[in-house]
Each structure stands twice: as C-alpha cells, then as structure tokens.
Amino acid sequence: MKTRNEIYQGEGAQLLRFITTYHSLQYEQVLRLFSKNRESIKSLITSLVKQKRIIYDKENGLLCDSQESANNPDYGMIASFWVLLDFKNAIVYHTDGEFPVKLNFFSKDEWYEVLYVPQEQEYLINHVMESQTKSDAKRLVVLESEEQASKIHITGVIAFCLVDSSTGSVSYYAKK
Numbered sequence: 001m002k003t004r005n006e007i008y009q010g011e012g013a014q015l016l017r018f019i020t021t022y023h024s025l026q027y028e029q030v031l032r033l034f035s036k037n038r039e040s041i042k043s044l045i046t047s048l049v050k051q052k053r054i055i056y057d058k059e060n061g062l063l064c065d066s067q068e069s070a071n072n073p074d075y076g077m078i079a080s081f082w083v084l085l086d087f088k089n090a091i092v093y094h095t096d097g098e099f100p101v102k103l104n105f106f107s108k109d110e111w112y113e114v115l116y117v118p119q120e121q122e123y124l125i126n127h128v129m130e131s132q133t134k135s136d137a138k139r140l141v142v143l144e145s146e147e148q149a150s151k152i153h154i155t156g157v158i159a160f161c162l163v164d165s166s167t168g169s170v171s172y173y174a175k176k
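Residues in the sequence shown are numbered from 1 upward in steps of one, following full-length UniProt numbering.
Don't read these hints as lab results, they were simulated from the structure.
On a predicted model such as this, the values are computed, not experimentally measured, just so you know.
Everything hinted at is true.
No more than 27 angstroms apart at the CA atoms, straight line, and that leaves these computed lysine-lysine pairs for DSS-like:
#: 1; residue 1: Lys58; residue 2: Lys88
#: 2; residue 1: Lys36; residue 2: Lys52
#: 3; residue 1: Lys138; residue 2: Lys151
#: 4; residue 1: Lys50; residue 2: Lys36
#: 5; residue 1: Lys108; residue 2: Lys134
#: 6; residue 1: Lys88; residue 2: Lys36
#: 7; residue 1: Lys58; residue 2: Lys42
#: 8; residue 1: Lys108; residue 2: Lys88
#: 9; residue 1: Lys42; residue 2: Lys52
#: 10; residue 1: Lys138; residue 2: Lys108
#: 11; residue 1: Lys42; residue 2: Lys88
#: 12; residue 1: Lys151; residue 2: Lys134
#: 13; residue 1: Lys36; residue 2: Lys108
#: 14; residue 1: Lys138; residue 2: Lys88
#: 15; residue 1: Lys36; residue 2: Lys58
Starting from the given sequences, assemble the full structure and let the hints guide the process.
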C-alpha cells in the first residue's frame with residue numbers, strides 16, 4: 001500500500017510552500033503550477049482545505065494561507081504570479097520579493113524581478129527603486145494600464161506587462 005506522500009510525490013509540501021510564500025493565489029494558478037497532475041492536485045487541495053491547512057475562498061477562486069490573506073488578497077502578487085507562470089518551463093527557482101518587487105525567479109543564469117505598479121503609484125515605485133543598490137536582475141514591470149509606462153523610470157526593465165487575471169493571459173511590450 002502506498003503512503004499519501006508516495007501518492008502525491010511530495011507535491012503537498014511544494015503546494016504548501018507556494019501558498020505560504022505568496023499568501024494568496026488563484027485556484028487556476030496552482031493547477032497550472034502542477035499541470036501534469038491536475039486531478040491529483042485538486043484532491044490534494046480538497047484534503048488540505050479539510051485539514052484547515054489552507055483556505056479556499058470559492059467566491060473569489062483563491063487559495064490562501066490565512067484568513068487575513070483571504071480577506072485582503074494581494075492582487076498585485078496574483079498578477080505578478082501570472083507572469084511567473086509564463087516562464088514556468090524555464091524557471092529553476094522562484095520566491096517572493098521585497099517591496100516593491102513582488103517576486104524573484106531564476107532561469108538558467110539569469111535573475112528576474114517582477115514588480116507590480118498600482119495606478120497612481122508610479123512615482124513612489126520610481127523613488128524606492130532609485131534608492132536601492134544596483135541589481136543585475138532583469139525587470140518585468142506589471143502595470144494596470146499601458147499609459148503608466150511613460151511614468152516609469154527604473155533601470156533594468158526588459159518589458160512592461162499587462163495581465164488579464166480572469167484568463168491568465170499576459171501581454172508584453174517594450175517602453176516607447
């Protein structure tokens with residue numbers, strides 16, 4: 001007889017790590033992380049929710065690590081995570097970032113930072129990024145509207161991104 005760990009092949013620990021690292025993710029994002037085992041991951045999620053190890057907010061389609069995360073999901077992180085999923089097959093490691101960077105990921109020999117810029121926060125993000133030490137990271141900047149791009153003056157930006165969180169589609173474009 002197989003143990004639960006053998007059935008899920010260590011995916012439970014990975015799933016818990018992802019949800020506790022990012023605090024709130026869309027259900028579909030989690031399924032895309034484990035795209036080869038969608039059905040077993042659905043069962044695993046159901047089991048973790050029953051054990052009260054994670055929270056499933058069905059109304060918003062979110063998996064969260066705490067009630068606080070469920071009450072106040074970080075939609076900037078969720079949008080940034082869609083960008084991460086676009087690079088999924090090339091990623092070696094990923095983790096959360098420190099404000100204003102939402103997350104970091106490593107692909108072969110390259111380091112990427114994904115930043116999220118809310119509407120009317122462009123100057124704040126510019127100021128914070130100017131005060132940080134120089135980084136070799138390639139930066140992907142998630143915006144709420146294309147018009148924000150002209151207000152962003154951050155070094156290392158390789159692309160701006162617009163995310164449709166309902167479909168998970170990401171559009172990339174260079175600064176004009």
